[in-house]
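Generate coordinates for the entire structure from the input sequences, incorporating the hints supplied.
Following numbering that gives the first Met the number 0, the numbering of the sequence shown begins with 0 at its first residue and continues without gaps.
It cannot be assumed that every hint is accurate.
To be verified - Distance condition first, Cα-Cα at most 25 Å in a straight line; then the derived SDA-like pairs of lysine to any residue:
| hint | residue 1 | residue 2 |
| --- | --- | --- |
| 1 | Lys453 | Val474 |
| 2 | Lys425 | Gly397 |
| 3 | Lys254 | Asp272 |
| 4 | Lys324 | Asp314 |
| 5 | Lys192 | Tyr372 |
| 6 | Lys425 | Lys476 |
| 7 | Lys551 | Thr93 |
| 8 | Lys167 | Asp241 |
| 9 | Lys453 | Pro503 |
| 10 | Lys53 | Glu323 |
| 11 | Lys575 | Arg134 |
| 12 | Lys470 | Gln440 |
| 13 | Lys413 | Gln88 |
| 14 | Lys167 | Arg504 |
| 15 | Lys246 | Pro287 |
| 16 | Lys575 | Ala212 |
| 17 | Lys453 | Gly429 |
| 18 | Lys417 | Asn437 |
| 19 | Lys476 | Arg504 |
| 20 | Lys214 | Leu147 |
| 21 | Lys453 | Phe410 |
| 22 | Lys167 | Phe439 |
| 23 | Lys317 | Tyr230 |
| 24 | Lys470 | Phe438 |
| 25 | Lys296 | Asp278 |
| 26 | Lys53 | Thr93 |
| 27 | Lys254 | Ala175 |
| 28 | Lys417 | Lys453 |
| 29 | Lys476 | Lys551 |
| 30 | Lys167 | Asn437 |
| 31 | Lys296 | Gln249 |
| 32 | Lys214 | Lys425 |
| 33 | Lys476 | Phe410 |
It should be emphasised that the hints constitute simulated quantities derived from the structure, not laboratory data.
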Amino acid sequence: MINLRAINLPAAVDRRIQTTCDRYRLVATVTCCALVLLQALSSATASDEQAENKAPRLILQITVDALRGDLPGRFAHVLGEGGFRYLQQGVNYTNAHYQHATTETIVGHVSLATGTVPAAHGMVANLWFDRGEGRLMYNIEDADYHLLSANSDVDKSTEIDPTQKAAKVDGRSPRAILSTTFSDELAAHYAGKSKIFGVSIKDRGAVSLAGHAGKAFWFSKASGEFVTSNYYYDAYPQWVLDWNAAKLPQAYAGKSWELAHKPEMYLFGDADDREWETDFPGFGRTFPHPYGAGDDKYFTTRLTMAPAGDELTLDFAKTLLDAEKLGQDDVPDYLSVSFSSTDYVGHIFGPSSLESEDNIAHLDRSLADLFAYVDKMVGLENTLIVLSADHGQPEIPGYLHSLGIQSAGYFNPKELDKAPAIAVLKKRFGVGEEIIENFFQPYLYLNRELIQSKGLNQAEVEKVLAGELEKFPGVAKAVSSIALRTAALPDTELMRKILNNYHPRRSGDIYLVFEPYVYINDFDGLIVAATHGAPWRYDSFVPVMFAGAGLKQATPSRAITPYDIAPTLANYLGVKQPSAAIGVPLVEVIEN
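Put into structure tokens, the structure is as follows:
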């Protein structure tokens with residue numbers, strides 16, 4: 000017989016049993032009561048498990064381009080409620096760093112999407128030299144898929160130098176990404192029923208996180224519209240046509256970027272005009288920054304260098320969420336929103352500027368607006384939010400000089416005296432400058448055909464040239480790719496980062512690392528104040544913040560990596576991790 004009294008039962012279950020059977024009844028009756036007990040417990044357990052395992056209806060992944068990990072806290076005094084402060088009520092990791100060397104936009108975005116390093120996902124830089132085609136390749140270019148808009152052109156920030164035999168390819172797709180993304184795995188797990196979208200000012204910011212299975216939209220500076228390619232659609236959805244027809248960017252014509260608060264509220268409120276900031280045509284170095292006329296050739300570019308770019312991204316994302324009815328059923332949907340203005344503002348003015356500080360204040364308002372809209376349409380309790388960045392950003396050398404830090408500066412390869420290095424190459428191998436085919440930061444590409452025709456040893460040539468490059472002022476390290484492959488290098492953090500960035504079909508022959516706060520100040524042909532892309536801590540440091548879905552507040556300071564985000568999302572939803580993921584699920588989110 001079953002001793003029911005020996006079982007510690009919830010009061011409600013105990014009452015049900017006592018009304019069904021008595022301890023003096025026959026065994027058959029007790030058995031019946033036991034079945035009632037098991038059914039009650041099973042029903043309660045199933046109900047509890049269903050509540051615990053219920054997936055969020057929407058995964059909202061936010062990437063803020065170039066949001067260095069300290070910036071939300073540094074500028075907390077200009078933040079309002081509902082934006083960053085809402086995220087800080089969730090799980091806020093304060094010690095997250097990338098472990099790859101080239102901290103550029105596509106590299107970080109795809110790392111966030113796949114949970115792995117460029118050595119596995121293939122995005123080694125924004126541009127790389129394709130030896131088969133003999134030209135530079137843009138990371139997501141795809142000649143098989145053209146832009147749908149006839150009046151849209153390639154974003155000027157993605158054009159490739161025509162002097163380098165580059166083909167201007169307007170098509171875009173995720174096919175060059177060599178790993179699945181979290182969004183891909185979500186699509187596979189739910190039999191393609193999850194709705195998956197990526198939105199950004201930058202094409203690479205949208206395409207990367209939408210993955211292979213989702214759909215992506217990005218802003219065309221040429222047309223002032225959000226566009227896509229026929230990889231995703233044969234024709235635009237009507238809601239996109241309507242959004243573009245409204246010409247919202249033109250609402251900024253004749254207006255200016257104004258401060259969100261009074262100057263005295265800012266850390267840099269008394270330091271608006273700095274000589275080291277970039278004076279972009281018609282934009283100026285001081286507030287207010289005019290956007291110019293709507294037909295000015297730089298009008299849309301200026302929008303992206305100000306909070307206006309994020310505000311347009313926000314409006315399009317909200318329209319998408321409503322039109323596509325995201326988060327409206329039990330199948331989880333996914334929306335990636337990549338805000339790009341922080342990156343452009345950082346390049347032009349630097350992170351220690353009134354412009355960057357005010358841009359964070361405006362971004363905070365955009366985040367609060369987005370979260371309020373999601374709460375209205377889906378419910379924040381039904382939404383899991385994660386925010387991070389694709390990379391950090393460095394300080395401007397001029398700013399550091401003003402503080403007495405004199406080691407910062409710019410590196411101009413054209414002004415270097417290469418004569419000593421060339422002399423060594425001629426003496427050692429009988430060849431000179433012709434052995435160096437191209438330099439596209441951070442990679443130096445050698446003329447392999449010449450090396451082979453001369454009967455030279457590729458590894459020896461790389462080693463000698465790397466040694467000579469390290470003698471140049473401003474160069475911290477020059478690393479041979481063959482040495483990376485053969486593990487003929489010391490096991491240091493820097494070497495591991497460079498190795499994590501190495502892909503045999505896309506990386507160059509020698510990887511150049513500049514000294515901290517020394518960099519080439521060329522950003523897509525524009526001379527700018529600061530350029531990210533280094534392996535140093537200021538470029539690898541990013542926030543990682545989870546919120547929504549009932550997460551309780553926690554602020555872990557232990558070291559994590561942004562590669563942990565995709566595995567955490569996968570584990571949280573019970574789907575398999577992206578194919579090349581190396582990150583680990585974050586226990587503070589999973590167990591929370």
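Hints versus structure:
Restraint check for Lys453 and Val474: the C-alpha separation of about 29 Å exceeds 25 Å, so the hint is violated. Pair hint Lys425 plus Gly397 does not hold up; C-alpha atoms about 39 Å apart against a cutoff of 25 Å. Distance check on the hinted pair: Lys254 and Asp272 sit about 20 Å apart at the alpha-carbon level, within 25 Å; holds. Taken as a hint, the Lys324 and Asp314 pair is honoured in the structure, with Cα atoms around 15 Å apart against an allowance of 25 Å.
Restraint check for Lys192 and Tyr372: the C-alpha separation of about 23 Å stays at or below 25 Å, so the hint holds. Restraint check: the Cα-Cα separation between Lys425 and Lys476 comes to about 22 Å, which is no more than 25 Å; the hinted pair holds. With a C-alpha separation of about 16 Å, the suggested pairing of Lys551 with Thr93 holds against the 25 Å cut-off. Our distance criterion of 25 Å between C-alpha atoms is broken by Lys167 and Asp241, whose separation comes to about 29 Å.
Of the supplied pair hints, the one linking Lys453 and Pro503 holds, its CA atoms being roughly 23 Å apart against a limit of 25 Å. Pair hint Lys53 plus Glu323 holds up; C-alpha atoms about 22 Å apart against a cutoff of 25 Å. Restraint check for Lys575 and Arg134: not satisfied, since their Cα atoms lie roughly 37 Å apart, outside the 25 Å limit. Distance restraint check for Lys470 and Gln440: the Cα-Cα separation of roughly 18 Å lies within the 25 Å cut-off, and the hinted pair is therefore satisfied.
For a cut-off of 25 Å, the pair hint linking Lys413 to Gln88 is broken: about 50 Å separates their Cα positions. With a C-alpha separation of about 21 Å, the suggested pairing of Lys167 with Arg504 holds against the 25 Å cut-off. Between Lys246 and Pro287, the direct Cα distance comes to roughly 23 Å. Compliance with the 25 Å bound is thereby established for this hinted pair. Only pairs whose Cα atoms come within 25 Å are accepted, and Lys575 paired with Ala212 is accepted, the gap being roughly 15 Å.
Between Lys453 and Gly429 the CA atoms are separated by roughly 9 Å; this keeps the pair inside 25 Å, and the hint holds. A C-alpha spacing of about 14 Å is found between Lys417 and Asn437, which places the hinted pair at or below 25 Å, so the restraint holds. A C-alpha spacing of about 22 Å is found between Lys476 and Arg504, which places the hinted pair at or below 25 Å, so the restraint holds. Distance check on the hinted pair: Lys214 and Leu147 sit about 13 Å apart at the alpha-carbon level, within 25 Å; holds.
Taking the CA atoms of Lys453 and Phe410, the gap is about 32 Å. The hint is violated against a cut of 25 Å. Proximity of Lys167 to Phe439 is assessed by CA-CA distance (about 17 Å); at most 25 Å being required, the pair is judged to hold. Taking the CA atoms of Lys317 and Tyr230, the gap is near 23 Å; set against the 25 Å cutoff, the hint holds. Between Lys470 and Phe438, the direct Cα distance comes to roughly 17 Å. Compliance with the 25 Å bound is thereby established for this hinted pair.
Between the alpha carbons of Lys296 and Asp278 the distance comes to roughly 16 Å, so the proposed pair stays at or under 25 Å and holds. Between Lys53 and Thr93, the direct Cα distance comes to roughly 29 Å. Violation of the 25 Å bound is thereby established for this hinted pair. Our distance criterion of 25 Å between C-alpha atoms is broken by Lys254 and Ala175, whose separation comes to about 40 Å. With a CA separation close to 22 Å, the supplied pair Lys417 and Lys453 stays within the 25 Å bound.
With a C-alpha separation of about 44 Å, the suggested pairing of Lys476 with Lys551 is violated against the 25 Å cut-off. This hinted pair checks out: Lys167 and Asn437 have alpha carbons roughly 19 Å apart, not beyond 25 Å. With a CA separation close to 13 Å, the supplied pair Lys296 and Gln249 stays within the 25 Å bound. In summary, the hint linking Lys214 to Lys425 is not supported, as the alpha carbons are separated by about 53 Å, beyond the 25 Å threshold.
Restraint check for Lys476 and Phe410: satisfied, since their Cα atoms lie roughly 14 Å apart, inside the 25 Å limit.
The earlier numbered hints that this structure contradicts are 1, 2, 8, 11, 13, 21, 26, 27, 29 and 32.
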